[in-house]
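S.K.: Keeping the supplied structure of chain A fixed, place chain B upon it in accordance with the hints.
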Amino acid sequence: MAELSAQASQPAADARSRSMSEGLFGWLLVAPAMIFIAVIVAWPLAETIRLSFMEAGLGGEKFVGLENYEDLADSRKFHQTVVRTFYWMFLSVGIKLVMGLIGATLLNAAVPGRALFRVLVMPPWVIPMAIGCIGWLWLYNGYFGVLSGVMMKLGITDGPFEFLAYKSSAFYSAVVTDVWVGTPMVTLFFLAAMQGVSRDLYEAAWVDGAGRWYRFRRITIPQIMPVIVSMALLSAIFTFNSFEIIWILTEGGPRGATTTLIIDTYKVAIGNYKFGEGAARAVIIVVLLAAFSLIYLFFLNKINKRYGVK
Amino acid sequence: MMDRYSKLQMVGIYAALAVFLTFILLPFFEMFMASLRPLEHLFRSPYQFWSDDFSFQAYKDMWVTVPLLGRYIFNSIFIATSVTLITMFFVVPAAYAYARLQFPFKNITLGIFLGVNMFTGAVLLIPLYRVLRTMGLLNTYWAMIVPGVAFLIPTGIWLLRSYLEKIPRELEEAAFVDGASRMYTLRRVVLPLAVPGLIVVSVAVFIGAYAQQFLFAITFNQTRELQPLPAGLFEFIGYQSVTWNEMMAAALVGVLPVMLIFLFLQKYLVAGLTAGAVKE
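So the protein lines, in turn, are chains A and B. Okay, so the first sequence: first residue is 106 according to my numbering, each after it adds one. Okay, so the second sequence: first residue is 7 according to my numbering, each after it adds one.
Rather than coming from a laboratory, the hints here were simulated on the basis of the structure. Values in this document were obtained by computation on a predicted structure and should not be read as measured data. It cannot be assumed that every hint is accurate.
Listing some non-contacts, in silico: residues in chain B with all C-beta distances to chain A over 10 Å [what the hints assert, rightly or not]:
{"#": "1", "residue": "F84"}
{"#": "2", "residue": "E171"}
{"#": "3", "residue": "T229"}
Residues on chain A that point at chain B, a partial pick, calculated with CB under 8 Å [said to hold, decoys possible]:
{"#": "4", "residue": "A235"}
{"#": "5", "residue": "F348"}
{"#": "6", "residue": "I375"}
Pair ranges (Cβ atoms, derived) [as the list claims (entries may be wrong)]:
{"#": "7", "chain 1": "B", "residue 1": "P202", "chain 2": "A", "residue 2": "W148", "range": "34 to 42 Å"}
{"#": "8", "chain 1": "B", "residue 1": "E171", "chain 2": "A", "residue 2": "K182", "range": "42 to 50 Å"}
{"#": "9", "chain 1": "B", "residue 1": "Q272", "chain 2": "A", "residue 2": "F168", "range": "50 to 58 Å"}
{"#": "10", "chain 1": "A", "residue 1": "A315", "chain 2": "B", "residue 2": "L197", "range": "45 to 53 Å"}
{"#": "11", "chain 1": "A", "residue 1": "P137", "chain 2": "B", "residue 2": "L266", "range": "26 to 34 Å"}
{"#": "12", "chain 1": "B", "residue 1": "Q272", "chain 2": "A", "residue 2": "I400", "range": "31 to 39 Å"}
{"#": "13", "chain 1": "A", "residue 1": "E356", "chain 2": "B", "residue 2": "F38", "range": "22 to 30 Å"}
{"#": "14", "chain 1": "A", "residue 1": "Q185", "chain 2": "B", "residue 2": "S61", "range": "44 to 52 Å"}
{"#": "15", "chain 1": "B", "residue 1": "F62", "chain 2": "A", "residue 2": "F404", "range": "51 to 59 Å"}
{"#": "16", "chain 1": "B", "residue 1": "L269", "chain 2": "A", "residue 2": "I400", "range": "38 to 46 Å"}
Backbone N, C-alpha and C define an ideal beta-carbon position, used for all residues, glycine too.
Bound conformation, chain A alone (with noise of 0.2 Å):
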């Protein structure tokens, strides 16, 4: 480096780097990253597959072929924790991606105090999401937190109600949480998309007597659709993947009732040394999320071409 910052005038430092091609110049900045990912990322990757045919714990390795498949495609148990696994994901995407709108909406009306606003609506993406979940792990108590108390004084419960001890109430106190980490995001993109918009349309629109709601559904959500299917699509990937907001509140249970495909992996590979086992899972999660990505590509395509976007 140091001999490559001589002064642009003298020439013979420059003849030899200048006739260096874009090309190699290209891979040379590109290759310590590639690197460091080929090593932290790719080569466990590849492990995770190799493993994935082997019973593996911590006494050593025996190759066994597909038998970690087959049990897994006989698993009852397993093929439930699949379809909860997209179910929460569809569940806390759709959410996240209805509460970003109206919350991008709301920040974009011309009102006053909006930028204190809009800061405000920020602290649970910046913040570690596991010290957000030990408040909501505090909220949820059945004893001591606001919601239950609040339920109490209304009457809307005789006793304390413990929102974590039982499975559907415990499920859809995770997607709350789960809602409550990622809105922020989604509501910040949308909000910059929607500032994007040029004003020329609305005014037109409002010219010709168009009403707010009609320039929402007509120019606002055309306009900003990109980003709502990227957002979404980025959404359902950190969902699927989502592993500290479960684990903290509730370790994927009560009974299994909130353990997804990563919760499950992290118990059978970390919690038992499986990592056999936990590797055929780990495999599983990785080309369904990919299957379900080309997918969604294969209809964001469609969807872009109807709305004349590149």
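M.R.: Just chain B now, kept in the frame of chain A:
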């Protein structure tokens, strides 16, 4: 005018904003309230919204209950800072290459980088555990730094690339025509112009690094002295009793550094982060 709202509409907007912000801020409010209540009062049922024995005692006691608390906060900041510096070292040249240069397999390799975003650490934990063990990095700071860097490089490249694309090409071309080498142009022409973008991306990476520590810490590190705050906080549980009020106080104190950074830079940060998503 088009943007004017009637009184009723204004009330509606503020009411909806109030509901929205209540949802967002409720956990923080509840954490703060819990941190003010004396422990024996916390477990009083039925729930009482207000009580007259609020105090900041927990903010003093927490340092005694978990003596390493200060260390945990330091660890969090230290790990996040290291991750940020190392990530930027990899991201800056790569982002420049993707923004400006033509080279073989450019689009494919960019796609691979972005594909990394699909796997969170959780999927790769098992082999990653072994890689780190082979390298002898388990139970060191590196065990939390190295995976952190890997999962932030793609995001960093993506964000910085869209920023660099906005810098006018003419300046580089002029330098190049004047006989400057490629590396010289990058170092002396492009990087100084990109400083605002570098700051935005660094802060985004820092926030990401601060947020993602939990999983790597509980899986790859057993050394108590090295734990970051999100993992260390759970020490408040597992003593004879759970000192919830001190745990809440510690959590709030622990997020203060990132909140302050965010507040100072939020205007630039928000604009910079969303620039990639919004095409003019």
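S.K.: Please go over all the hints and tell whether each is borne out by the structure.
M.R.: A quick look at each hint next to the structure:
1. F84: Since the minimum Cβ distance to chain A is about 15 Å, F84 of chain B lies beyond 10 Å and the statement holds.
2. E171: Given that every Cβ of chain A is farther than 10 Å from that of E171 of chain B, nearest at about 15 Å, it holds.
3. T229: Consistent with the label, T229 of chain B stays out of reach of chain A, its closest Cβ about 17 Å off (over 10 Å).
4. A235: Because about 4 Å separates A235 of chain A from the closest Cβ in chain B, which is inside the 8 Å limit, the hint holds.
5. F348: Holds: closest Cβ of chain B sits about 5 Å from F348 of chain A, inside 8 Å.
6. I375: 6 Å, holds
7. B:P202 to A:W148: 34 to 42 Å: 36 Å, holds
8. B:E171 to A:K182: 42 to 50 Å: 49 Å, holds
9. B:Q272 to A:F168: 50 to 58 Å: For F168 of chain A against Q272 of chain B, whose Cβ atoms are near 54 Å apart, the range 50 to 58 Å holds.
10. A:A315 to B:L197: 45 to 53 Å: Holds, at about 47 Å.
11. A:P137 to B:L266: 26 to 34 Å: 32 Å, holds
12. B:Q272 to A:I400: 31 to 39 Å: Once the Cβ atoms are compared, 36 Å apart, the range 31 to 39 Å for I400 of chain A and Q272 of chain B holds.
13. A:E356 to B:F38: 22 to 30 Å: 26 Å, holds
14. A:Q185 to B:S61: 44 to 52 Å: 48 Å, holds
15. B:F62 to A:F404: 51 to 59 Å: 54 Å, holds
16. B:L269 to A:I400: 38 to 46 Å: Since L269 of chain B and I400 of chain A have Cβ atoms about 41 Å apart, the given range 38 to 46 Å holds.
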